[in-house]
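Undergrad: Residue-level listing of the chains:
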Amino acid sequence: MINNQAAKNTSQSTKMAKHLLKHPIPIIRVGRLENNNAGFSRLLVIWGITLIAVLLCLGVTLLLIERSKQAVMPVAPPLLPTAANPSDTPPEPQEVNLFLLDTTTLTLVPIKIERRLHRELRPRLSQVVSALIQETPPNFRNTIPRGTELNEVYIDSQQTAYLDFSSHLSDGHIGGTTAEFLTVTAILKTVFDAFPDDIKQVQILIDGEEVKTIAGHLNLSQPLRLPQ
Amino acid sequence: MLIFAATLSSIAQQPAVRFIDADGKTIAEVPAQRREAQVYLPVDAVKRVIDPATTHQYNHPRKRLTLKIKGRQIRLQMDKPTVSIEPGGQTLTLSTPPIIIAQRPMLPIAFFKQLLPILNDVDVIYNSNLNRLQIRPKGTWTAVETDNIQNWAIIVDPGHGGDDQGCEGSTGILEKNIVLALAKQLQRISKQQGIQVYLTRETDTKRTQFERIQVAKQNRGQLFLSLHCNASFSPHEKGIRIYLNNPKGQIRFPSTTKPALTGQQLKVLTQVNFLKQSHDFARALQTELNFLTETPVQIIDLPLIALSEAYMPAVVLELGYLSNVEDLEKLSNAEYTESVSQAMTRALQRYISSVNQQTSATAIE
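Residue numbers (our numbering), protein chains in the order written: chain A, 1244 to 1471; chain B, 2 to 366.
Derived from the structure by calculation, the hints contain no laboratory data.
Among the hints, erroneous ones may be present.
[Unchecked claim] Stretches of chain A that chain B covers, calculated by requiring three or more beta carbons in the stretch to come under 8 Å of a beta carbon on chain B:
(1) 1336 to 1349
(2) 1414 to 1420
(3) 1427 to 1437
(4) 1456 to 1466
[As the list claims (entries may be wrong)] Pulled from the structure, derived: some chain A residues nowhere near chain B, Cβ distances all over 10 Å:
(5) Leu1286
(6) Val1297
(7) Thr1386
(8) Asp1399
(9) Ser1410
(10) Pro1470
[As the list claims (entries may be wrong)] So the derived list for chain A, only partly shown, Cβ under 10 Å to chain B, looks like this:
(11) Ser1400
(12) Gln1401
(13) Thr1403
Bear in mind the structure is a predicted one, so any value in this text is a computation, not a measurement.
Beta carbons are placed, not taken as given, at the ideal position from N, Cα and C, and that holds for glycine.
Okay, chain A solo, but in the shape it has when bound:
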């Protein structure tokens, strides 16, 4: 009985399939509908493609901008290790003597300060001289005219340190042989004290040029030393 029903069902579905094959009208109807709106859909496709193209262009542009940013970046990262020394441990603070004028004894005396000094000679020299320009503890007088800047330092094979100051060292100087002597001696003493083995003589430059004098008395046209 069941088998009969199943056979009956099968024959019915087969009929249906045959019928569907004989009358595929709904499909034809759909096709007709497409044909009716052909202009609109073409417009849709063109717009779609344009939109994709624009988005693609935008994406590429953004990507290029991003790339170009990355191209500048590599210059910056090496600065960070130089400044902070992340590969090594940071340098320990060291004592540096700055020679300043004791206004009661009228002599240049060493004043100790602590600095994390660079391991390399040239930046270390720059740090020490810059400290001399900036530091003025109470009861002492700095013999470098306030506002003088250190442009550059250089050390040659003869162990001569060239210290290039801004023109304020000369323009801002109070004058007088004693004051000029104190300015130069403070620089020499500070440098020789901090670099006893590396620097033998110092030549003072102003804005990159050799100078005869800073206040009109001392002859600074050659590298200078102090009496032993």
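With chain A held as given, fit chain B onto it using these hints.
TA: Frame of chain A, contents of chain B only:
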């Protein structure tokens, strides 16, 4: 009342007058009395300073003082400026008369200043600020023949000038003006003594080192004296300093190891040849200027641009610190600068005389 008494006692504590010789050494220090800005010395001072064999008589009722010094009789009347000297019948009018203080006759500084040159063949210079009285043999430095001294050409170089103002005092006074006025004063006083002085600038104009040296060369200069005013970063620093151009001074140039000398090094070395004479002149200035100042005059060797290329004995004279109140006040005072110019002239005489003596000594040999 107590304050009044204290003021009185402080006035009573009078400073002593120091008698010094030509080289600045102390002969005697005599306690003095001050009355109305005048300084008086006891009769005893004559014994100590002029002649230990001096005797004196004082007639109280007549207020008359008679001194016997080196065989001469000197009569003075208290409160009267006239002094008579016998034998010879010479009379002298003192700028300040002798007076009586605490019943004792007291002699004014003028007595020593005016009488000493007559009794002994000496010159007397008095520094009223420091109460110093210098007795120096007359003509020690001027004994050189007039021809010789006139042959000397001294170059005086007033530092800075024009827009190069040098240092500045708190009163607004400028180094360039002080040194120019002093140079002119020195020129005038030296001329009176027969010494020819040429200035590297006569007006407030800027001069390069080369131009200054040209003046020296054109006038066949034999001595270069550069006048400056000093400054320091401490307001306490004061006094006169003399600087010599020495590449091996308190700051030094490296000794040259190069086989060939550069032009600059050659200039430095050439000036070194005059270092000894420069030192001699510096010492003459030091001796004369010490008379004017409490702080001893220092001589300092440094490599100097201010004297470079001066192929003759040369010094930089820093007359005082414009950064110090006392020095600034002194240098603004015409009376003080006059005495500085006189001292510089005496130093020139002293130096010229010593060089001429050396020259004549070598000529005899």
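Undergrad: Confirm or reject each hint.
TA: Going through the hints against the structure:
no., hint, result
1, 1336 to 1349, "holds (count 4)"
2, 1414 to 1420, "holds (count 4)"
3, 1427 to 1437, "holds (count 3)"
4, 1456 to 1466, "holds (count 9)"
5, Leu1286, "holds (83 Å)"
6, Val1297, "holds (69 Å)"
7, Thr1386, "violated (5 Å)"
8, Asp1399, "holds (13 Å)"
9, Ser1410, "holds (15 Å)"
10, Pro1470, "violated (6 Å)"
11, Ser1400, "violated (14 Å)"
12, Gln1401, "holds (9 Å)"
13, Thr1403, "holds (8 Å)"
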